[in-house]
Amino acid sequence: MSDQRRGDHSRIEQLAETLLPELSARLAASGLGEIEVREDGWKIRIRRPAAGPAATPARTTTGTRKGADRVERAGHDHAPDDVPAPAPAAEAHRIGARSPAVGIFQAGPELRSGARVRQGDRLASVDVLGVPQEVTAPEDGIVVSSLVESGEGVEYGQELVILERVTGLAR
Amino acid sequence: MARSWSSSNASPALHDEGMRRVISKILIANRGEIAVRILRACRSLALPAVVAYSEADRDSLAVRLADEAVCIGPADARRSYLSAPAVISAAIVTGCDAIHPGYGFLSEDQGFAEVVRAHGLTFIGPSPEVLERFASKEASRRLLASVGLPTIPGSDGLLRDDEHALQEAERIGYPVLVKPSAGGGGKGMRMARSPRELESALTICRSEARAAFGDDSLYLEKWLDQNRHVEVQVAVDRYGHGVHFGERDCSVQRRHQKVIEEAPTPALTPAARADLCERASRAVVAAGYENVGTLEFLVDAEGNFYFIEINCRIQVEHPVTEAITGIDLLTTQIRIAAGEPLGFSQADVVPAGHAIEFRINAEDADDDFRPQAGRVERLQVPGGPGIRWDSHLFAGYEVPPYYDSLLGKLIVWGADRGESIARARVALDELVIEGLVTNIPIHRALLTNAAFLEGRMTTNLLDRIGGSAVLAAARRQ
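Chains as they are written, first to last, in our numbering: chain A, 3 to 173; chain B, -11 to 465.
If you are wondering where the hints come from, they were derived from the structure by calculation, not from laboratory data.
Virtual Cβ for every residue (Gly too), placed ideally from N, Cα, C.
Wrong hints could be hidden among the right ones.
[Stated by the list, open to error] To give an idea of the interface, some chain B residues facing chain A are shown, with a C-beta separation under 10 Å as derived from the structure:
no.: 1; residue: A65
no.: 2; residue: R67
no.: 3; residue: S68
no.: 4; residue: A74
no.: 5; residue: P254
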């Protein structure tokens, strides 16, 4: 492999590590179908598989929190009526981390939107009568949003954190 | 489904005698028909309620009817309906201040009742101290014998070892029944006709009791053949006021599981019934019982009655008593738990007419009563005068395979036994549950059985003839 190509690979790797998680989270939160960023002669474009006007975010954001790393609490398992269901293809990239118990939700320090997580990583915990039960990432992915705030009550099996599955990225 | 998880302070509440607000929102920690029944009781008291459910019961009627519902765990009851932390945590998360355990599951678990109280919540049932006092059947028997109830001749306390058991059996006289002290619902009992049978029964009962209850202590009772199961419904408030609501005859059983219950019992004269009920009521107050409860008796062929055990919970067959007394036992139970005085006396309880309850189970009488699971394709519910249908079924409901096979209870009231049987025939013909095999045919068949019609049924009737024979006899008629 030439030095040039080795350099390219290293740059791609770097971009994937730094830029992609953030872009992916923004895409998911924005409702846009596609985002393109140019930097140092490199161009990164990420696109929803079902791109187009019909594409919707997995969960709605309030749009009022500046730089918010959480989205609003979007109810329990059932999406509120005013949020259209995600397009099936977008849904395929969306992974939910679910509650292992009924109790009080506590976000973990790693639970930031855009954070890259590995399967089994601890995202949060659910406190059951003072005993914390871990909420872990079901797959490798990028944190899109948390659906509940620390201190809120959650039920068993409730979707708590949305991850974006990482596919088609140079790694 | 509407799910608002904030407790409203404007909602009504039940207060104790000191006017302290005790119960303002109830978590229903059970499933099936009893969850629906408790929900109805809460609503008639204008109390908000939350249905706690397992993943397997997400589409249940109780969840559908509830204003609020909370998933507490997976289908496995040990991680949902039997998990004290899950149930209590669910009550806290949903802002409930009381937990109704229904029957089965955690309903008579003294440890659970204690933890509930430690979290500042009200357990709708007896206090942990009362549950502890009556936790062991052997101890309850001794306690109620000391306050005047006759008990079946049995071993002097728990069996120390095989030698002790053989000595005691010799003294009592064979046949004897080996019973686990921690058991219930007839589980883990074995009859022995000889020392040899007793030795093998002891080994089996010990290992079964250890596995089922975590306690292998056993005791012996004299085996009474041709007996009846008659129980007395009582309620005692925190201030020592107790009443009885008459008795129920639960002699139609299959392997110690009740199939049909009725009130009054055809086995005793009105004077004998009054004597039994009054003695039970006095004894239970003297023994310090609290909340609703049931004292079970065996009645022998001569009409002698013997106390067997007390059930510290609301029972499956409570509607029979509600039908003849017109008193809502569930709301009575909730009020007592809140610390309200009973508010009525024995003279206010005036039973009238005759009621019979048929337990409709998903089981195949032609296949050794094997439990069935599946989808209810069509449901036709009976109606008319005196008919009550307590059930969690609806057309399209998927009966999960994880829990008991009870689908519903048909309760029929008539001015006398004859009228209630006549109405029951009509109702059982109207009742249609398509999609899974039920025991409705066995109920229809029992309504043609001479022993049942003449009120001569005994606890071994169904086991002796067998379900298939009862069905075949009915087909021949």
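| request: Sort out which numbered hints this structure fails and list those numbers smallest first. | output: 1, 5
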